[in-house]
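All chains should be modelled from the sequences, with the hints used to inform the complete structure.
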Amino acid sequence: MNKKDKLNLGNDVNWKEISPGGVINEPGNSDKFKTGDWRSVKPVWIKENCKQCMLCFPVCPDSSIPIDENGKRLDFDFDHCKGCGICAEVCPFSAIEMKDN
Amino acid sequence: MSKRDRLSGNEAVSVAMRQINPDVVAAFPITPSTEVPQYFASFVANGMVDTEFVPVESEHSAMSACIGAQAAGARTMTATSANGLALMWEMLYIAASSKLPITLAAVNRALSGPININNDHSDTMGARDSGWIQIYGENNQEAYDNFIQAVRIGEHPDVMLPVMDCYDGFITSHAVENIELLDDDAVKKFVGEYNPGESLLNRKNPISVGPLDTVTHYFEHKRIQAEAMKNAKQVILDVAEEFEKLTGRKYGLFEEYMMDDAEVAIVIINSTAGTAKETIKGLRAKGIKAGLIKIRVFRPFPVEEIAKALSKVKAVAIMDKCDGFNAAGGPLFNEVTSALYGRADGIKAINYIYGLGGRDVSVQDIATVYDRLLDIVNTGNIGEVYNYLGVRE
Chain A
1 MNKKDKLNLG NDVNWKEISP GGVINEPGNS DKFKTGDWRS VKPVWIKENC KQCMLCFPVC
61 PDSSIPIDEN GKRLDFDFDH CKGCGICAEV CPFSAIEMKD N
Chain B
1 MSKRDRLSGN EAVSVAMRQI NPDVVAAFPI TPSTEVPQYF ASFVANGMVD TEFVPVESEH
61 SAMSACIGAQ AAGARTMTAT SANGLALMWE MLYIAASSKL PITLAAVNRA LSGPININND
121 HSDTMGARDS GWIQIYGENN QEAYDNFIQA VRIGEHPDVM LPVMDCYDGF ITSHAVENIE
181 LLDDDAVKKF VGEYNPGESL LNRKNPISVG PLDTVTHYFE HKRIQAEAMK NAKQVILDVA
241 EEFEKLTGRK YGLFEEYMMD DAEVAIVIIN STAGTAKETI KGLRAKGIKA GLIKIRVFRP
301 FPVEEIAKAL SKVKAVAIMD KCDGFNAAGG PLFNEVTSAL YGRADGIKAI NYIYGLGGRD
361 VSVQDIATVY DRLLDIVNTG NIGEVYNYLG VRE
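Taken in order, these protein sequences are the chains called A and B.
Note that the first sequence covers residues 1 to 101 in our numbering.
Note that the second sequence covers residues 1 to 393 in our numbering.
Please keep in mind that the hints were generated in silico from the structure rather than gathered at the bench.
In this text, all values refer to a predicted model and were calculated from it rather than measured experimentally.
Honestly, I wouldn't trust all of these hints.
What the hints assert, rightly or not - Quick list of simulated restraints, FRET-style, between CB atoms: (1) Pro27/A with Phe219/B: 18 to 28 Å; (2) Phe219/B with Ser30/A: 19 to 29 Å; (3) Pro27/A with Asp158/B: 25 to 35 Å; (4) Phe33/A with Glu57/B: 28 to 38 Å; (5) Asn387/B with Pro27/A: 53 to 63 Å; (6) Phe219/B with Gly28/A: 23 to 33 Å.
To be verified - Covered, in the sense of this in silico footprint (three residues per stretch, anywhere, with C-beta under 8 Å from a C-beta of chain A), are these stretches of chain B: (7) 6–12; (8) 98–107; (9) 216–223; (10) 259–270.
C-beta atoms are modelled at their ideal positions from N, C-alpha and C, and glycine is treated no differently.
Following this line, the structure appears as structure tokens:
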């Protein structure tokens, strides 16, 4: 492995620029791995039913329920949500519904 | 500044290992490579090196430990043969694709089955597409010299690939020959310090090694790996040139023996080249223009150079100490004939499988191959391409 400054881990990197040996030298890089296109069903957030109870965001395996600076959940991060449906399952207020992607 | 000694091939390689003083050696014993870690373990026990010696429980573990150590930033070495190399198989590919320049003394032995401990090349030929650089040596001196150069070749920034130093089991590994050793300091200076740009133990720049590589990146990683193998050819020549300045011993991609005016030639690997040179001396005394090419670098394969070296011969026999079971010819035959295709067409090429499982090959045996080549030149009739030398018919 040779020294390269921050490796280009983007999906469009060519072979000359890619990290030799598959090394990753950038922490937190899983954010760049867009898993959203694995999804066959998607969660739909029904805002008017949501009580901001915060049961959904800790169970999301893909950290795809963003929280703002006031501690309120926002709409899904569809770049990374795989559509597993755990959030819809735990929601006591029918504020998340799974629909065809 | 060198020292003359008499050592077996394994002893010579273990001395090279001691002189290099690597950070880690992880190995598991297997005939005929056992002596390499055995001698080296005594150097460790006697405090002659600073190496962390890891006596692992299998060759798969040996190569796994080497991968971990090399990725951590340690200069790492091992040795094995035959089924030991086969047990490393999975990890050989991972070492190469992770671009970890591990050095391996690959003491050639027939790969089971049937089980056999003697020499042929079926072990390393099987690993020819694993992404490792493969350098072969005829005798103890070459095994020693190649091992020292292997470190420099593998660790070159344009290469960063693991290297096998291949030499014949028993014939080279156990036979004691005169040898010229470099001074310890000269070897240390020649190999220098190993400074990987990135490593697992570099806390200032944390990295992950060997992550999942999906459809979006895998192909590009294989392409960059292929480029490193292409780059290796020039690096091998540059390192050889520097080595020659130090020792006076000249190395290239292959050795040409009596090839200047040769009309018939054989292409061969490792110790049997010595036997063939004796045959050639006899033939030359009778006025027969016989020559030989001894492959030193099999990976990367010197395609253009081989085609050029063979371009003047009328007939060539490519000698494989390993069968390919493709029902057409051995691995060296495939490589050489592909090299000739489109570069030096029209040369009559035949293949001989010889010496499997340690079957002895004599000067007279090689003479029959040249007889056959002369017959092809005289009659123009190539006959059977895929042949066996020394099997009971």
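Quick rundown of the hints versus the structure:
no.	hint	verdict
1	Pro27/A with Phe219/B: 18 to 28 Å	holds (25 Å)
2	Phe219/B with Ser30/A: 19 to 29 Å	holds (21 Å)
3	Pro27/A with Asp158/B: 25 to 35 Å	holds (28 Å)
4	Phe33/A with Glu57/B: 28 to 38 Å	holds (36 Å)
5	Asn387/B with Pro27/A: 53 to 63 Å	holds (59 Å)
6	Phe219/B with Gly28/A: 23 to 33 Å	holds (25 Å)
7	6–12	violated (count 0)
8	98–107	holds (count 3)
9	216–223	holds (count 6)
10	259–270	violated (count 0)
When the structure is compared with the earlier hints, violations turn up for hints 7, 10 and for no others.
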